[in-house]
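Sequence lines, in order, name chains A and B. So in the numbering used here, spot 93 of the first sequence is number 93, and the numbers just go up one at a time. So in the numbering used here, spot 136 of the second sequence is number 136, and the numbers just go up one at a time.
These aren't lab readings, by the way, just hints derived from the structure by calculation. Where is the CB? At the ideal position from N, CA and C, for every residue including glycine. Treat the hints with caution; some may be incorrect.
Computed Cβ-Cβ distance ranges for the label pairs, DEER-style [what the hints assert, rightly or not]:
hint, chain 1, residue 1, chain 2, residue 2, range
1, B, Met-211, A, Glu-370, 30 to 40 Å
2, B, Ile-26, A, Val-242, 43 to 53 Å
3, B, Glu-347, A, Asp-194, 53 to 63 Å
4, B, Ile-26, A, Ser-224, 55 to 65 Å
5, A, Asp-127, B, Thr-432, 46 to 56 Å
There are 2 protein chains.
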Amino acid sequence: MGMSTKPPSGMRDFLPEELARRRYVISTIQKVYEKYGFVPIETPSIENLSTLMGKYGDEGDQLLFRILHRRDKLARALEAETITEKDLGDLGLRYDLTVPLARVVANNTDLPKFFKRYQIQPVWRADRPGKGRFREFLQCDVDITGTQSLVAEAEVCSAVSEVLLTLGFENFSIHINHRQLLKALIQAAGISLDNEATTLVAVDKLDKIGMEGVEKELIERGISTEQMQKLVKLIQRPENIVESMEIERLKSALAGSYEANKAIDDLTKLCKLLNESPVAGRYSIDATLARGLGYYTGPIFEIRSSDFGGSLGGGGRYDGLIGMFKGSEIPAVGFSIGFERLILILEEKGLFKKLAIGPDVMLCHFSDVEESAVVKAASTMRKSGVKVEIYPETPKIGKQISYAESVGAKFVAILGANEAVAESVSLKNLETGEQQTLKYADVASIVLK
Amino acid sequence: MGMSTKPPSGMRDFLPEELARRRYVISTIQKVYEKYGFVPIETPSIENLSTLMGKYGDEGDQLLFRILHRRDKLARALEAETITEKDLGDLGLRYDLTVPLARVVANNTDLPKFFKRYQIQPVWRADRPGKGRFREFLQCDVDITGTQSLVAEAEVCSAVSEVLLTLGFENFSIHINHRQLLKALIQAAGISLDNEATTLVAVDKLDKIGMEGVEKELIERGISTEQMQKLVKLIQRPENIVESMEIERLKSALAGSYEANKAIDDLTKLCKLLNESPVAGRYSIDATLARGLGYYTGPIFEIRSSDFGGSLGGGGRYDGLIGMFKGSEIPAVGFSIGFERLILILEEKGLFKKLAIGPDVMLCHFSDVEESAVVKAASTMRKSGVKVEIYPETPKIGKQISYAESVGAKFVAILGANEAVAESVSLKNLETGEQQTLKYADVASIVLK
Chain A
1 MGMSTKPPSG MRDFLPEELA RRRYVISTIQ KVYEKYGFVP IETPSIENLS TLMGKYGDEG
61 DQLLFRILHR RDKLARALEA ETITEKDLGD LGLRYDLTVP LARVVANNTD LPKFFKRYQI
121 QPVWRADRPG KGRFREFLQC DVDITGTQSL VAEAEVCSAV SEVLLTLGFE NFSIHINHRQ
181 LLKALIQAAG ISLDNEATTL VAVDKLDKIG MEGVEKELIE RGISTEQMQK LVKLIQRPEN
241 IVESMEIERL KSALAGSYEA NKAIDDLTKL CKLLNESPVA GRYSIDATLA RGLGYYTGPI
301 FEIRSSDFGG SLGGGGRYDG LIGMFKGSEI PAVGFSIGFE RLILILEEKG LFKKLAIGPD
361 VMLCHFSDVE ESAVVKAAST MRKSGVKVEI YPETPKIGKQ ISYAESVGAK FVAILGANEA
421 VAESVSLKNL ETGEQQTLKY ADVASIVLK
Chain B
1 MGMSTKPPSG MRDFLPEELA RRRYVISTIQ KVYEKYGFVP IETPSIENLS TLMGKYGDEG
61 DQLLFRILHR RDKLARALEA ETITEKDLGD LGLRYDLTVP LARVVANNTD LPKFFKRYQI
121 QPVWRADRPG KGRFREFLQC DVDITGTQSL VAEAEVCSAV SEVLLTLGFE NFSIHINHRQ
181 LLKALIQAAG ISLDNEATTL VAVDKLDKIG MEGVEKELIE RGISTEQMQK LVKLIQRPEN
241 IVESMEIERL KSALAGSYEA NKAIDDLTKL CKLLNESPVA GRYSIDATLA RGLGYYTGPI
301 FEIRSSDFGG SLGGGGRYDG LIGMFKGSEI PAVGFSIGFE RLILILEEKG LFKKLAIGPD
361 VMLCHFSDVE ESAVVKAAST MRKSGVKVEI YPETPKIGKQ ISYAESVGAK FVAILGANEA
421 VAESVSLKNL ETGEQQTLKY ADVASIVLK
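Input sequences plus hints: build the corresponding full structure.
Spelled out as structure tokens, the structure:
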């Protein structure tokens, strides 16, 4: 005794029923992503720390799970006079799926020019666990590399929207902003470029701490009251206006630098594309959207829902990231679904159908039947595709049947010594109570009907 | 530049074509396992080191990937006068799927009494990488807990055999031994119980170093020449004898202790069960089989093939492991397929069919077509289930079509300004060259035919 039997903090075991729901969502996501022409890749759980560090901002770097050196390497590290974190390991666990994609694209020169990849794998963050927030969680990403065309933005937004709609979840909106627009707005508020990063970090907290919280945080970060007020006025969207009006408002508020005009132009075009896609009527221009990650360079997105505080997923354009690995730049845009929150919402809204997990047939048998005859019966039924579980012991038949019911078996097949000689079973439908005697080979015709 | 773009040593990226093959094998394994009544679970990648340590033997403990403490915990650990490995972390990566299963069974009192679970997830071992040997690799386990019935042994052996047969791989044999039999043989050779573990470690190396190597290793480990020779004679199976004769030989060679008799009896019964299963004619009693892991207590198995040195998977009964977590004992038996080696063999033997990975339709378009019209065309075709990729830019149509061919698209749909007005495309079958003009909504009727 004495050993804990729970998984570590922020980690979870998935038992069959919950796993069936997760698999159903994963398979829906795969099918939709594939309908958009995305193809799957997988990358290792462990990456070199040099691959991961410096891509997610300081906070991200601190949340990395690092792997400890072993044997000689560890011994050497521990011999040093002063030991720091970076001496103790050079590997870490995958923090997201975007940086590994960038590495893969840089590493494989024979990929399609427009590489449309999807990836559904766990990532790890040493974050404080909370509702819908875990230390190991699944991400479901789509990305398109190799083009600056806004069609790519429209495609990733369409694909994630169609995933949600296919799962029966309609109460969402994709919030859209543009990093260059946000930059121009920060400048227009009189905030210097030096303070851009810290301003972004403050604005990014909006959905956690509200606008008042952001105002306070901006002041704490050294932004003057006047600049703060100007920025808040610039980014806050007036109520009851449509997308085109919001774009007009932002355009006229800005000085009209090349970057600002380009950003406004991008958003205008993107809206036009989205209006012909499943995202039509389900998006909203939101100049307050910042997105935490450091690598975004163009349009940025986030899925919001009044059914859930925080975001259901997000993404954006990151034209510089692959170049950090490759030397030459390759433009890219992606979108990631927050799988764990999606599962939470689908559960809360009752959008999961009851999924069967028991066997088709529980094979029950009397103690005077030879076990080899029981194995033969099961083997024969399985040959025709029936899912058979053998009750492995021989208590009274009633107890075996109760057990079959408790694990969700659809039928019981009862085998006595006489039946075994005739290679037949007494098959009982546990739902209707119907019973009949059938040859092993004929069980499929009833069970799989 | 400068950053490495390769995955870390022993780790791999899987690109779409390779991943399609892996997924095909995984889905075959799932289907077969489910036909045997196994249900899936998943456990976290990270476990407490207290869960993992002391289960796999010393060598296993040394191959664990450990997670480094962070922030305060790390700072405190580094302040100490002398620092050892165990001060620097209390978490590690999953080393196999059996120990996590034992923890889960101990932690969940409401599981079915006979829990038949399968689990297909990666595990991590800091082993020297080699052919078919990686530091992150997939395991595909079936286990049955809660019964001492040998039907459970027969079921796990049958399930893995049917997996291999379903994949078209027939050249294998399941080698079967029994830990108690091996123990009795070691005793019968005059080796003391104190030397049992070291003897097992030496015998376990048989398929790597051959019988001569094992003999040398036994002597080095302090076994006398006489004992060594006696043991080798006892465990080596004479050529050209059938299973029942080998069992008879072992029976008469042994003193006949209760454990030895029970083991002989188990093997006799198990053979009878296997003869009625897909394993019939594909197994072999092998008293030299030792299995490295420390937790086995009864029958042990290993898949061997003349197509491959080493094992394709293995397993056995471990009636004590769950009790290490739970206090009270729960018997269990399991079998694990070595997925990476299986993939290697299937590739070498050409047992993979060509799997399609390209889109059904590459949507190509002239530059005078509005991009929003292109998105509309794609959205409409996708509504009827067609996998559509939009060519995201507008070079000459010939270039777009060549690209479609290069990524394995089955059709191209060409959209000009006139077609866009009529909501139709010119659809071309890239295999036959057939071409026709169709409404967006009618493309599915040709493409999905």
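How does the Cβ-Cβ distance of Glu-347/B and Asp-194/A compare with 53 to 63 Å: does it lie in that range?
56 Å, holds
Take a look at whether the Cβ-Cβ distance between Ile-26/B and Ser-224/A falls inside 55 to 65 Å.
58 Å, holds
Measuring from beta carbon to beta carbon, are Asp-127/A and Thr-432/B in 46 to 56 Å?
54 Å, holds
Range hint 30 to 40 Å: satisfied by the CB atoms of Met-211/B and Glu-370/A?
At roughly 38 Å between Cβ atoms, Glu-370/A and Met-211/B fall inside 30 to 40 Å, so the hint holds.
Assuming the hint says 43 to 53 Å, is it satisfied by the Cβ distance from Ile-26/B to Val-242/A or not?
47 Å, holds
In terms of the numbered hints stated before, the structure departs from none.
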